[in-house]
Amino acid sequence: DAGVTQSPTHLIKTRGQQVTLRCSPKSGHDTVSWYQQALGQGPQFIFQYYEEEERQRGNFPDRFSGHQFPNYSSELNVNALLLGDSALYLCASSATGGYYGYTFGSGTRLTVV
Amino acid sequence: QKEVEQNSGPLSVPEGAIASLNCTYSDRGSQSFFWYRQYSGKSPELIMFIYSNGDKEDGRFTAQLNKASQYVSLLIRDSQPSDSATYLCAVIPPGGFKTIFGAGTRLFVKA
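Protein chains in written order, with our numbering: chain A, 1 to 113; chain B, 1001 to 1111.
Check each hint, because a few of them may be wrong.
Now the in silico label distances, taken between C-beta atoms and shown as ranges [what the hints assert, rightly or not]:
no.	chain 1	residue 1	chain 2	residue 2	range
1	B	1008	A	70	38 to 44 Å
2	B	1066	A	10	38 to 44 Å
3	A	113	B	1041	16 to 22 Å
4	B	1095	A	61	46 to 52 Å
5	A	5	B	1039	17 to 23 Å
6	A	41	B	1020	21 to 27 Å
7	A	111	B	1027	47 to 53 Å
8	A	38	B	1022	45 to 51 Å
With a Cα cut of at most 30 Å, we get these calculated DSSO-like pairs of lysine-lysine [unchecked claim]:
no.	chain 1	residue 1	chain 2	residue 2
9	B	1110	B	1042
10	B	1110	B	1056
11	A	26	B	1056
12	A	26	B	1042
13	B	1042	B	1056
14	B	1002	B	1067
15	B	1042	B	1002
16	A	13	B	1067
17	B	1067	B	1056
Note that these hints are calculated values from the structure, not bench results.
Where is the CB? At the ideal position from N, CA and C, for every residue including glycine.
Chain A on its own, in the form it takes in the complex (with noise of 0.2 Å):
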């Protein structure tokens, strides 16, 4: 049973750069949320995606945005990066909305130069 997959795992760019990460959820799962997690901090909520919508989204700028496909695989989008979005990246998937708790993608660690 393949859990949560996520790619790339480590990604470096420039400035100003845009990048797109990539989810595919947990077999049975239909929801999918992404997180920010800075280093000694915890999982920031970015926006959950369930049925191709964005259900809920937290405090981010629009330069975050994502999207969710007919297979409930997710992709997450930051345009015109700053050096403030180097984080770990955090995929969880879930069935009915989290209520019974997460299962973590292994997540990308992005770096912005």
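Following the hints, position chain B against chain A.
What follows is chain B alone, placed relative to chain A:
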């Protein structure tokens, strides 16, 4: 006031002891509460969830919830060096779907 607050630690306990991790949350109407473990350089892993006041036990782990005091705790019995990690408390506030995480408590279990 942060929505979910935890002591950052580090909390250091000897092998075999009970480790007690605490968490408070600000939104009184919250209904769902979670503990995740995160090893250094890895992603969080769900340990337990609890919805009702009282205790919930799973192996060496016991989660305790007191909604009146807005307090959640995690007890780890017979602590092992392999339990050394950051423990994240998480809450789903009412009226939404997002899970809010605390900053985590670092636990060190000394052999």
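Worksheet item: Holds or violated: residue 1110(B) with residue 1056(B), Cα cutoff 30 Å?
Response: 26 Å, holds
Item to complete: For residue 113(A) and residue 1041(B), compare the CB-CB distance with the range 16 to 22 Å and indicate the outcome.
Response: 21 Å, holds
Fill in: Range hint 46 to 52 Å (beta carbons of residue 1095(B) and residue 61(A)) holds or violated
For residue 1095(B) and residue 61(A) the Cβ distance comes to about 23 Å; the hint is violated.
Worksheet item: Quick one, are residue 1042(B) and residue 1002(B) close enough, alpha carbons at most 30 Å?
Response: Holds, because 25 Å separates the two Cα atoms, which is no more than 30 Å.
Worksheet item: Would you say the C-beta atoms of residue 111(A) and residue 1027(B) sit inside 47 to 53 Å of each other?
Response: Violated, at about 34 Å.
Worksheet item: Would you say the C-beta atoms of residue 1066(B) and residue 10(A) sit inside 38 to 44 Å of each other?
Response: Because 42 Å falls inside the window, the suggested range holds.
Fill in: Agreement of residue 1110(B) and residue 1042(B) with the hint, judged by alpha carbon distance not exceeding 30 Å
Holds, at roughly 21 Å.
Discussion item. Against the range 45 to 51 Å, how does the distance between the Cβ atoms of residue 38(A) and residue 1022(B) compare: consistent or not?
Written reply: Cβ of residue 38(A) to Cβ of residue 1022(B): about 23 Å, so the range 45 to 51 Å is violated.
Worksheet item: Is residue 1067(B) close enough to residue 1056(B), meaning Cα to Cα at most 30 Å?
Response: Satisfied, since the Cα-Cα distance of roughly 14 Å is no more than 30 Å.
Discussion item. Against the 30 Å threshold, does the CA-CA distance of residue 1002(B) and residue 1067(B) hold or violate the hint?
Written reply: At roughly 17 Å apart (the allowed maximum being 30 Å), residue 1067(B) and residue 1002(B) satisfy the hint.
Fill in: Proposed proximity, residue 1067(B) with residue 13(A) (alpha carbon, max 30 Å)
Violated - the C-alpha atoms of residue 1067(B) and residue 13(A) are around 44 Å apart, more than 30 Å.
Item to complete: With a cut-off of 30 Å on the C-alpha distance, tell me whether residue 1042(B) and residue 1056(B) pass.
Response: 26 Å, holds
In summary, the numbered hints that this structure violates are 4, 7, 8 and 16.
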